[in-house]
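Assemble the complex: chain L is given as a structure, and chain D must be docked to it using the hints.
From first to last, the protein sequence lines are chains L and D. Quick note: the first sequence uses our numbering, first residue 35, plus one each step. Quick note: the second sequence uses our numbering, first residue 35, plus one each step.
Treat the hints as calculated values from the structure; they're not laboratory data. If you're wondering where the values come from, they're calculated on a predicted model, not measured in any experiment. There may be inaccurate statements among the hints.
Copies of one chain are not kept apart here, so a pair can be met inside one copy or by any two copies together.
Computed list of lysine-lysine pairs in BS3-like fashion (alpha-carbon distance at most 27 angstroms, straight line) [as the list claims (entries may be wrong)]:
id, residue 1, residue 2
1, K62, K93
2, K37, K79
3, K37, K62
4, K37, K93
5, K79, K93
Protein chains: 2
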Amino acid sequence: MLKVIAQDFIKPEAIEIVLPLYRELVEKTRQEELCISYELFIDQKDPGHFVFIEEWPDKAALDAHCNTGHFKRLVPMINAYQRQDCIITLIDAFA
Amino acid sequence: MLKVIAQDFIKPEAIEIVLPLYRELVEKTRQEELCISYELFIDQKDPGHFVFIEEWPDKAALDAHCNTGHFKRLVPMINAYQRQDCIITLIDAFA
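For reference, chain L alone in the conformation it holds in the complex (with noise of 0.2 angstroms):
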């Protein structure tokens, strides 16, 4: 099992236009056979600030989830609004 935090930082002016993309990302990732979790979060003090909590069985569904076809389409249009690199973070559990 594979927990990610993936965070995004998208500039203010920007925000209303990624929402709908944002909104389909999660739509049809969730309707990958792979995924078991994949929920999106907004800081409560940086509207900008969008932050992915996904669970995945492997490293290798995660992989497969970054070549489908929406995040290919998707993943690009967002990034053309961010105002800096994205964080992501796999993270095993402890303990």
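Showing chain D alone in chain L's frame:
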């Protein structure tokens, strides 16, 4: 419902020291009546980067957690070994 991501950064030479402190913190916190979920993870690329994913009914419950005896005893013991300030992010569900 409130979700929290809390990230600690511990000095490499102190990791073995903090592990039992984290273990006790997780164990005691999960016994708190208002705790919905309290999970601890470790960054696959950085064994000193500890990531909590927490769920509380509201901010008052989180504040109560930060005022428990175990929190006030264990967290300063852990923080003594920090290599940088922890990052606490309160997040709301997107859509």
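Okay, the hints, checked on the actual structure:
1. K62 x K93: within (19 angstroms within a copy, 32 angstroms between copies)
2. K37 x K79: So K37 and K79 pass the 27 angstroms test inside a copy (24 angstroms) and across (13 angstroms) alike.
3. K37 x K62: both (19 angstroms within a copy, 23 angstroms between copies)
4. K37 x K93: Cα proximity of K37 and K93: in one copy and across copies (10 angstroms, 25 angstroms).
5. K79 x K93: between (31 angstroms within a copy, 14 angstroms between copies)
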